[in-house]
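All chains should be built: construct the whole structure from the sequences, respecting the hints.
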Amino acid sequence: MDFIKRDDIKKNALPGRVVQNAVGHNSAVLSEKMTVSFCHYSAESGPMEPHNHAEESVVVLSCKDAYVKWGSGKDSLEHTVELHEGDLMHFPPLEWHVFGYKEGGYLDALCIYGQVTNIRPEEIQAENV
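Per my numbering, the very first residue in the sequence shown carries number 42; after that it's consecutive.
Since the hints were made in silico from the structure, they are not lab data.
Each hint should be verified, as a subset may be incorrect.
[Unchecked claim] With a straight-line cut-off of 25 Å between C-alpha atoms, the simulated DMTMM-like cross-links for lysine to aspartate or glutamate are:
hint, residue 1, residue 2
1, K143, D106
2, K143, D116
3, K74, D43
4, K115, E90
5, K115, E164
6, K143, D128
7, K52, E126
8, K110, E85
9, K46, D128
10, K51, D149
11, K105, E119
12, K46, E85
Here you go:
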């Protein structure tokens, strides 16, 4: 068994969020089958752009005045739901979505993917260049 404390995982500041790669490729615990990351969204990281990527499940660990928007396109996020601790979201592959928060709010979440490459928007863009 591998055991690691979140505080011991390197923080990666990315546009709109801070990611701590817990399990997967180039992560604290190596895996070639899955990716698990702690993600923190707040004003400190700036707003996140609507994006789509690989199939994903997200568990809300804690939050304040946070929400998720999703829909049929980057400019058409027709649905909005307020988030609460313990909520689970599942995004099918390539579904457009974005996390947000009101002033002073934040979202702390656990993001889970069933693969280790070509997951995040930055990786997809780099692969298509």
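Right, here's what the structure says about each hint:
no., hint, in the structure
1, K143 / D106, "6 Å, holds"
2, K143 / D116, "20 Å, holds"
3, K74 / D43, "15 Å, holds"
4, K115 / E90, "9 Å, holds"
5, K115 / E164, "18 Å, holds"
6, K143 / D128, "18 Å, holds"
7, K52 / E126, "22 Å, holds"
8, K110 / E85, "20 Å, holds"
9, K46 / D128, "22 Å, holds"
10, K51 / D149, "16 Å, holds"
11, K105 / E119, "22 Å, holds"
12, K46 / E85, "23 Å, holds"
The structure shown violates none of the earlier numbered hints.
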